[in-house]
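K.L.:
One letter stands for each residue in the lines below.
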Amino acid sequence: MAIVELRGINFIYNKGTPYETHALKNVDLSVNEGQITGLIGPTGSGKSTLVQLINGILKPTDGEVILDGVNIWDQPKKIREARFKAGVVMQYPEYQLFADTVRDDIAFGPKNMGLGEDEISERVNKAAAFAGLDPSVMSRSPFDLSGGQKRRAALAGVIAMEPKVLILDEPAAGLDPGGRKEVLGGLKKYQRSVGSSIIIVSHSMEDMANYCDRIIVMTDGKIAMTGVPSEIFARYNDLIGLGLDVPRITRVAASLSRRGVDLGEVYTVGYAVEKLSELL
Amino acid sequence: MDERYEIIAEDVSFTYPGDETNPPVNALRGVTLRVPKGSYTAILGRNGSGKSTLARILCMLETPEKGELYIDGKLMTGDKVTEADILDARKRVGMVFQNPDNQIVATIVEEDVAFGCENLGVPSGEIRKRVDDALETVGMTKYARHSPHKLSGGQKQRVAIAGVIAMKRECIIFDESTAMLDPMGRREVLDTIDKLNKEDGVTVILITHYMDEATRADHVVVMNDGQILKEGTPSEVFSDPETLWSASLDVPQTTELLYGLKKKGLDVPLDVFDPERCAAVIAGAISSRGGVKNGDR
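Protein chains in written order, with this note's numbering: chain A, 1 to 280; chain B, 1001 to 1297.
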């Protein structure tokens, strides 16, 4: 089932002015429920516009946005519901922390949803655990945390709202490799245990290969490809032609196949080791 | 001190002072680093390991609390150093930061590139030439009269680099300058950095979280907890994945693959970073064991 469906979407910035920019061109897209979907594309390909359309920050110039079975612009006054259903974590969300303590910051969203105290506190603790925040930091000021911990606190704030779709723009940018694994691994755990749908926007092909169930590739305001990671990374030359990349391990596998060692579609190191071990 | 080195840091320590809620942080604890002129050094380390503090000390945005810093052989720390010495040394070392949008100041690309030179009081004819040369070096000549805000991230970063080149810096420190870029932007910036180092002899210090980028360097320094955990050539450093993993870092995917195969008993080296060569090494090792029926064609 599709949690998000876009039908015939066009989006034009500054319509009718000399600065008119056609950011999305006849986009039809469906995002499966209960999966992690990766959204990749060069800078300026329309990814951020797409994300902002899904939770109703932007209204399409034409076309329909169906979120959880509802056309979000059927009743414009209820657009706020779309924003609770689709939680967006912007790039560098740590700049949006504001409360006195980490706990209050994470609780802000659930409070605004009008939940009871007990439910709020349960959600805050669960969200903090998924984001990998140590319980000892909950009563500290978010501004005293390290960069990596701030990022986690900001993620927890959106997770605590338990949106049907969680959309994250470069959630691991600027984190060290260990931090990337913790944040992305935490999101995967959250998705598995809650069954939520997640959309991750990223430039890291390796992270996409390791964590996504499906990948959408955008270029120039259009959907260029959709598929499971093995289908996407099999189109090696097309991706490079679009200014994107494939995981380095996929390049190794392609070269091995030219040398007579065919492993099939490989996009994670673990899988490559496993396949090669079978040959030994 | 030895003039073959662009920068020498001897046993440098630095502490960020605490306040009522936070204890002081010992960001650097006795770091010694030598950066030869014309070399390419990569600094790796987890968030909070002290790598950015080290970079700020190397380009004299911070003064070490303990230890000595030499730029081009001249001592920059202690009582005897004069304001003029520091100004001279600052003209040797430049820095490019992470976010391109925070470093662009003008509304036209070529004016942005000229900004630093104007502040240095370079004569205007000379500025013209330096700006043209710098834009040429980073491959942005055709955008000289464009507005920077319409450029891609990689292009903006190259404009920022051109501004530093125009100031004729001998040494440029890149503090995670590719972190926010898409794959194409990263390639553009990394190729520009390679060119500056190989063709123009600029000393490069690259701070990064991407292990693949570090394999381009001559020398890799791994920071952890305010100290140097390991240093050496990329081969030396990445041949020891356990140490890197213990420091919340990673190794290039080629090394991770070779390490996995080695553990399964295949006789392969770990320090092959190029995907083609990595595949050749694996295919060779497998066929010499007679493992694959159809062999190495």
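Please keep in mind that the hints were generated in silico from the structure rather than gathered at the bench.
The structure displayed is predicted, hence computed values, not measured ones.
C-beta: ideal position from N, C-alpha, C; glycine also.
Warning: the hint list may mix true and false statements.
[Said to hold, decoys possible] Capping the alpha-carbon separation at 27 Å, the derived lysine-lysine pairs in DSS-like fashion look like this:
(1) A:K181 with B:K1263
(2) B:K1230 with A:K181
(3) A:K25 with A:K111
(4) A:K15 with B:K1150
(5) A:K222 with B:K1150
(6) B:K1091 with B:K1080
(7) A:K25 with B:K1091
(8) A:K59 with B:K1150
(9) A:K189 with A:K111
(10) B:K1264 with A:K181
(11) B:K1129 with B:K1074
(12) A:K181 with B:K1262
(13) B:K1263 with A:K275
(14) B:K1262 with A:K275
(15) B:K1264 with A:K275
[As the list claims (entries may be wrong)] If you want the footprint, here are the derived chain B segments under chain A, 3+ residues with CB under 8 Å:
(16) 1031-1038
(17) 1059-1072
(18) 1079-1091
(19) 1257-1268
K.L.:
Please go over all the hints and tell whether each is borne out by the structure.
P.N.:
Status of the hints after comparison with the structure:
1. A:K181 with B:K1263: Within the cut-off at roughly 23 Å; holds.
2. B:K1230 with A:K181: holds (22 Å)
3. A:K25 with A:K111: violated (38 Å)
4. A:K15 with B:K1150: holds (18 Å)
5. A:K222 with B:K1150: Within the cut-off at roughly 20 Å; holds.
6. B:K1091 with B:K1080: The hint holds at about 19 Å.
7. A:K25 with B:K1091: Roughly 49 Å separates the two Cα atoms, so the pair is violated.
8. A:K59 with B:K1150: holds (23 Å)
9. A:K189 with A:K111: holds (24 Å)
10. B:K1264 with A:K181: holds (24 Å)
11. B:K1129 with B:K1074: violated (30 Å)
12. A:K181 with B:K1262: Within the cut-off at roughly 24 Å; holds.
13. B:K1263 with A:K275: Given pair B:K1263, A:K275 holds - Cα atoms ~14 Å apart, limit 27 Å.
14. B:K1262 with A:K275: holds (14 Å)
15. B:K1264 with A:K275: holds (12 Å)
16. 1031-1038: violated (count 0)
17. 1059-1072: Not satisfied, violated; 0 residues make the cut.
18. 1079-1091: Per the Cβ count (0), the hint is violated.
19. 1257-1268: holds (count 6)
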